[in-house]
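Top line first, the protein sequences correspond to chains A and B.
Residue 46 in the numbering used here is what sits at position 46 of the first sequence, and the numbering runs on without skipping anything.
Residue 81 in the numbering used here is what sits at position 81 of the second sequence, and the numbering runs on without skipping anything.
FYI, nobody ran anything at the bench for these hints, they're computed from the structure.
Any given hint might turn out to be false.
As the list claims (entries may be wrong) - Which chain A residues face chain B? A few, computed with CB under 10 Å, are given here:
#1 S9
#2 S55
#3 D63
#4 F65
Stated by the list, open to error - Derived coverage of chain B by chain A (criterion: at least 3 residues anywhere in the stretch with Cβ under 8 Å from a Cβ of chain A; other residues may be distant):
#5 14–28
#6 101–112
As the list claims (entries may be wrong) - In silico SDA-like links for lysine to any residue, alpha-carbon gap of 20 Å or less:
#7 B:K40 to B:T94
#8 A:K42 to B:E26
#9 A:K42 to B:S10
#10 A:K57 to B:N29
#11 B:K41 to A:E59
#12 B:K41 to A:R22
#13 A:K57 to B:T94
#14 B:K41 to A:S55
#15 A:K42 to A:T114
#16 B:K41 to A:L39
#17 B:K37 to A:E3
#18 B:K41 to A:Q17
#19 A:K78 to A:Q17
#20 B:K40 to A:E44
#21 A:K83 to B:S10
#22 B:K41 to A:K57
#23 A:K42 to B:K40
#24 B:K40 to A:E3
#25 B:K40 to A:M89
#26 A:K42 to B:N112
#27 B:K3 to A:G40
#28 B:K67 to B:M48
#29 A:K42 to A:L84
#30 B:K40 to B:N112
#31 B:K3 to A:E59
#32 A:K78 to A:E104
#33 B:K41 to A:Q41
#34 A:K57 to B:K3
#35 B:K41 to A:T114
#36 A:K42 to B:K57
#37 A:K83 to A:G40
#38 B:K40 to A:T114
#39 A:K42 to B:I73
#40 A:K78 to A:E1
From the three backbone atoms N, C-alpha and C, an ideal C-beta is built for every residue, glycine too.
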Amino acid sequence: EPEVTQTPSHQVTQMGQEVILRCVPISNHLYFYWYRQILGQKVEFLVSFYNNEISEKSEIFDDQFSVERPDGSNFTLKIRSTKLEDSAMYFCASTPGGGAHYNEQFFGPGTRLTVL
Amino acid sequence: EDKVVQSPLSLVVHEGDTVTLNCSYEVTNFRSLLWYKQEKKAPTFLFMLTSSGIEKKSGRLSSILDKKELFSILNITATQTGDSAVYLCAVGATIQGAQKLVFGQGTRLTINP
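Take the sequences, apply the hints, and build the full model.
This is the structure we're talking about:
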């Protein structure tokens, strides 16, 4: 069964460093998402991406964050200068379509980011 | 502000019991309500509900949506230890074609043998 994959599973970085989290969505999916879950808290929406541009972003997704689909398969989340409060589990998700159809989002296993 | 509230936050029962998990929401541009099970890492999909009053069933799990009262319930009958997990309720809100999920804080269900 096709699945969303994410790498690395765990990333440790120093405050102020840049990190890139990688995701490979399911191959025929068109909409891509990033969510994060701080330990013990809710899963929070960060950004949605379609047709090579951001569809919507939350207030969490500030100028330190960016997303990219550099080729036909990868979908990346970059945090330019990490802060301690960026420590969280980051989930990538994808759907075949948006709007009224195919609302189920398939989640990857997550990348645990630890900022020291 | 979009809001999804789950109750209870935590529930401990014995194997074989039946449980009901609750989810209420206030979300603009509502499209659907989804239930996920989160064990160790990624949320895994259980149900998607878009219409009021139509029960979705999968084995011992079932769920129903009330769009007038803005809530949903997830029932698990004859619980097993493998049902122990965090159950997440999420509401899909569509803006400009893409859909974001607004999650509740989850219900941590523990099934004791």
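The hints, checked one at a time:
1. S9: holds (9 Å)
2. S55: holds (3 Å)
3. D63: violated (20 Å)
4. F65: violated (15 Å)
5. 14–28: It is violated, with 0 qualifying residues against the three required.
6. 101–112: With 6 residues close enough to chain A, the hint holds.
7. B:K40 to B:T94: The hint is violated at about 28 Å.
8. A:K42 to B:E26: holds (16 Å)
9. A:K42 to B:S10: holds (14 Å)
10. A:K57 to B:N29: With Cα atoms ~16 Å apart, A:K57 and B:N29 stay inside 20 Å; holds.
11. B:K41 to A:E59: Distance ~24 Å between B:K41 and A:E59 Cα, so the pair is violated.
12. B:K41 to A:R22: With Cα atoms ~16 Å apart, B:K41 and A:R22 stay inside 20 Å; holds.
13. A:K57 to B:T94: It holds: about 12 Å lies between the C-alpha atoms, which stays within 20 Å.
14. B:K41 to A:S55: Not OK: B:K41 and A:S55 at ~26 Å, beyond 20 Å, violated.
15. A:K42 to A:T114: holds (17 Å)
16. B:K41 to A:L39: Given that 20 Å is the threshold and the Cα spacing comes to 11 Å, the pair holds.
17. B:K37 to A:E3: holds (16 Å)
18. B:K41 to A:Q17: violated (25 Å)
19. A:K78 to A:Q17: Status holds; Cα separation ~11 Å.
20. B:K40 to A:E44: holds (17 Å)
21. A:K83 to B:S10: violated (31 Å)
22. B:K41 to A:K57: Roughly 23 Å separates the two Cα atoms, so the pair is violated.
23. A:K42 to B:K40: Given that 20 Å is the threshold and the Cα spacing comes to 15 Å, the pair holds.
24. B:K40 to A:E3: holds (17 Å)
25. B:K40 to A:M89: holds (11 Å)
26. A:K42 to B:N112: violated (25 Å)
27. B:K3 to A:G40: holds (18 Å)
28. B:K67 to B:M48: holds (13 Å)
29. A:K42 to A:L84: holds (18 Å)
30. B:K40 to B:N112: Distance of about 18 Å is within 20 Å: holds.
31. B:K3 to A:E59: holds (15 Å)
32. A:K78 to A:E104: With a Cα-Cα distance of about 25 Å, the restraint between A:K78 and A:E104 is violated, given a limit of 20 Å.
33. B:K41 to A:Q41: With Cα atoms ~13 Å apart, B:K41 and A:Q41 stay inside 20 Å; holds.
34. A:K57 to B:K3: holds (17 Å)
35. B:K41 to A:T114: Holds, because 16 Å separates the two Cα atoms, which is no more than 20 Å.
36. A:K42 to B:K57: violated (26 Å)
37. A:K83 to A:G40: Status holds; Cα separation ~18 Å.
38. B:K40 to A:T114: holds (17 Å)
39. A:K42 to B:I73: OK: A:K42 and B:I73 at ~19 Å, within 20 Å.
40. A:K78 to A:E1: violated (28 Å)
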